[in-house]
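There are 2 protein chains.
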Amino acid sequence: MNTNCIVAQSGGPTSAINASLAGVIKAINDSDMYDTVYGSLHGVTGVLNDDFINLTDICKSSDDFLICLSCSPAMFLGSCRYKLPDHEKDNSDYKRIFNTFEKLNIGAFFYIGGNDSMDTAAKLTAYAKIIGSDVRIVGIPKTIDNDLICTDHTPGFGSAAKYIATSILEMAHDTFIYELQSVTIAEIMGRDAGWLTAASALARNKYNDTPQLIYLPEVAFSFENFLRDVREKLRNSNNILIAVSEGIRDKSGEYISCSKSSRDIFGHSQLSGVGKTLEQLIKNEIGIKCRSVELNILQRCASHISSKTDINEAFNLGYSAVKHSEAGNTGFMASICRDSTTPYVAHVEYVDVAEVANKVKSVPRNWISPAGNDVSDELVEYIRPLIQGETETSFENGLPRYTNISHLISHSA
Amino acid sequence: MNTNCIVAQSGGPTSAINASLAGVIKAINDSDMYDTVYGSLHGVTGVLNDDFINLTDICKSSDDFLICLSCSPAMFLGSCRYKLPDHEKDNSDYKRIFNTFEKLNIGAFFYIGGNDSMDTAAKLTAYAKIIGSDVRIVGIPKTIDNDLICTDHTPGFGSAAKYIATSILEMAHDTFIYELQSVTIAEIMGRDAGWLTAASALARNKYNDTPQLIYLPEVAFSFENFLRDVREKLRNSNNILIAVSEGIRDKSGEYISCSKSSRDIFGHSQLSGVGKTLEQLIKNEIGIKCRSVELNILQRCASHISSKTDINEAFNLGYSAVKHSEAGNTGFMASICRDSTTPYVAHVEYVDVAEVANKVKSVPRNWISPAGNDVSDELVEYIRPLIQGETETSFENGLPRYTNISHLISHSA
Chain W
1 MNTNCIVAQS GGPTSAINAS LAGVIKAIND SDMYDTVYGS LHGVTGVLND
51 DFINLTDICK SSDDFLICLS CSPAMFLGSC RYKLPDHEKD NSDYKRIFNT
101 FEKLNIGAFF YIGGNDSMDT AAKLTAYAKI IGSDVRIVGI PKTIDNDLIC
151 TDHTPGFGSA AKYIATSILE MAHDTFIYEL QSVTIAEIMG RDAGWLTAAS
201 ALARNKYNDT PQLIYLPEVA FSFENFLRDV REKLRNSNNI LIAVSEGIRD
251 KSGEYISCSK SSRDIFGHSQ LSGVGKTLEQ LIKNEIGIKC RSVELNILQR
301 CASHISSKTD INEAFNLGYS AVKHSEAGNT GFMASICRDS TTPYVAHVEY
351 VDVAEVANKV KSVPRNWISP AGNDVSDELV EYIRPLIQGE TETSFENGLP
401 RYTNISHLIS HSA
Chain V
1001 MNTNCIVAQS GGPTSAINAS LAGVIKAIND SDMYDTVYGS LHGVTGVLND
1051 DFINLTDICK SSDDFLICLS CSPAMFLGSC RYKLPDHEKD NSDYKRIFNT
1101 FEKLNIGAFF YIGGNDSMDT AAKLTAYAKI IGSDVRIVGI PKTIDNDLIC
1151 TDHTPGFGSA AKYIATSILE MAHDTFIYEL QSVTIAEIMG RDAGWLTAAS
1201 ALARNKYNDT PQLIYLPEVA FSFENFLRDV REKLRNSNNI LIAVSEGIRD
1251 KSGEYISCSK SSRDIFGHSQ LSGVGKTLEQ LIKNEIGIKC RSVELNILQR
1301 CASHISSKTD INEAFNLGYS AVKHSEAGNT GFMASICRDS TTPYVAHVEY
1351 VDVAEVANKV KSVPRNWISP AGNDVSDELV EYIRPLIQGE TETSFENGLP
1401 RYTNISHLIS HSA
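As given, the protein sequences belong to chains W and V, one line each in that order. Once you know that position 111 of the first sequence is 111 in the working numbering, the rest is easy, because the numbers rise by one and skip nothing. Counting from 1 along the second sequence, just add 1000 to a position and that's the residue number in the working numbering.
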């Protein structure tokens, strides 16, 4: 007997997470084993609250829904930051989820997200085993941070990297127009890993050597060394552009930022102000023109400049994950394995989702310069294939045409 | 006897100022009256310092130079913020400039910039008249701020407006994914005029009503009214997005920003922190999740999302300005006159450059809602034609291919 599926999205937005959703839907549409695919709104909380939309019906009513969805930012299904409790302490959520699975005749649950979402998938897999449920639990990775283990890289990273490198190149053009000496600081996302900040180095070309300095969270940050680095670069260049991760910390592990008070429910510190802190430092200590630019949330949602490689891989991971579940597999995450960088070749693999949860992949120390103020050529060449290609954003009345998300907006009223 | 030309760029960057430069160069290449076109580096200071590049030669050596130039951000020739002194007090700059004009057999000087640059053009025109020089002095407008008078709008504004509306739409997608109540504040450029901030309203579509609140510098800002507006909007929407101009002031004329200490050499206040100020206010007074996003310099240099209408108009203004000077005219600025909004039709006119200098065109009060927290449909329809069309950015290795600006970088060492 055929079964139905549920798909959900969780964590922070990326430009590619809807492409994975489109891949999941397409594979289920193509499947002989699965019938209807339900979208759970706001991650796993939609399953807990019986809050679904019928994605099979939406596909039937719109010819280009999946194409438009693949190129739309953030989560079509909404997100959540809900963490399942340990089932040994409180199994009420688990009971409700598996009751809903039974009620809707669910054969597979697909969860697209980062390592917090993989934690949920791992917990559901373990619980399914205990109760003898044959619902397949599948993780599909996404995070702009690129910090998941067991995958060469994560969907969403390539598009964010393309946005960052493009923005740094454009800021370089903006920076070099004045004869006045100046420093520009670009603050880039990445709480624990410097992959996104490293992507700034892709902006370098035959005429542009910015960013001349790059600081990642993997190396302890020192104000003294920073000022020494800036002073040294100012000897040879009038205009310095510096890329700095929001997550840089001093040698005692304290974040270099103005405000570090609040924490979100996963215990992550809410960061802001690294760029402004360093801007003020340079103004005070060196006394020259300095500005800081926080790339902020646009680096994760600027779908108009997505990487085609990234979007295609995200779609393919979603599609492949469904196919792999059809063969009876559960408790896995679809991951990307790189076969070759030049030319770039990769294939999909499947890893134990419990291996991925709650771990972080940092930039290896040998991919960072000995002084901790730049990245290696190997790191740049690792990222470069991931930003290749442009998606064909369709425009309507001067603006990108994205998928209608009124179901999220009316839900939130 | 044929003469040569000098062209220069000044003020702040836009995505369209190089398209006007390309238009000037193309018209001179096509001219029977003008021979070589020299680019003065760093605005009028290049003329003072004999710092030129030969643009005619560069065109000859590269087939697609003008095409690539038209789509490249900021100033190919660099910029300056140099203000000419009153010639009655000190005419040394003027003597040097007109000596250089004579030495290089200059028939026309084209200055592409905002109202500070039009001040320079007006002063040179007046001085030329006094000394009986027949060098034609021509202003070509640009400014993302759209605050020049005597023109329907300014080149650069449409591209910045397109970037802003696109970014607001993408931020809306990023905003509506969570069920948690939140406020997002977008801080947009515009020191004295709210045109750019008003462009955020173009992001509204059939599913998106953000930004729900818009504050321009033309209306005195009140913290009390602001908090009342936000609280009222939160009654109907979970997620509020607010567009606010960097230049908003209270009724006594004080900027609403954290730091307002330094001033640039034209006496403009250096602004920062309006968004952060309001973010903190909402956190303190309403106590919900709030974030602020400063669109910062990317709104003026993100050429990868330029408006084709804007780029074409900018090119056309540069081209037309050269043609008009060939007919013996001087002391004018090429300007855009709108014939019709639906369909959008405009033509080039020529106005006295002295009329334009040092004046500011604000958003009319009747194009702002009575409560001062939104813009009118008329204002939206005024802007809409200016963001239409996409330029065909060419990409190389995953990034936009922009004009090589190594002449600016080596100059600044």
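Be aware that one or more of the hints could be misleading.
[Unchecked claim] With a straight-line Cα cutoff of 27 angstroms, these simulated DSSO-like cross-link-like pairs (lysine-lysine) come out: (1) W:Lys233 with W:Lys323; (2) V:Lys1089 with V:Lys1026; (3) W:Lys361 with W:Lys308; (4) W:Lys83 with V:Lys1283; (5) V:Lys1083 with V:Lys1060; (6) V:Lys1060 with W:Lys283; (7) V:Lys1089 with W:Lys60; (8) W:Lys95 with W:Lys60; (9) W:Lys60 with W:Lys308; (10) W:Lys26 with W:Lys283; (11) W:Lys83 with W:Lys359; (12) V:Lys1308 with W:Lys308; (13) W:Lys129 with W:Lys289; (14) V:Lys1060 with W:Lys206; (15) W:Lys103 with W:Lys83; (16) W:Lys289 with W:Lys83; (17) W:Lys83 with V:Lys1289; (18) V:Lys1089 with V:Lys1359; (19) V:Lys1083 with W:Lys289; (20) V:Lys1083 with V:Lys1095; (21) W:Lys60 with W:Lys26.
[What the hints assert, rightly or not] Some but not every residue of chain W turned toward chain V, in silico, with C-beta under 8 angstroms: (22) Ser72; (23) Met171; (24) Ser303; (25) Asn358; (26) Ser362; (27) Arg384.
Since the hints were made in silico from the structure, they are not lab data. Nothing here was measured: the structure is a model prediction, and the numbers come from that model. Each residue gets a CB set at the ideal place from its N, CA and C atoms; glycine is no exception.
Indices of hints not satisfied (ascending): 1, 2, 5, 6, 7, 8, 10, 13, 16, 25 and 26
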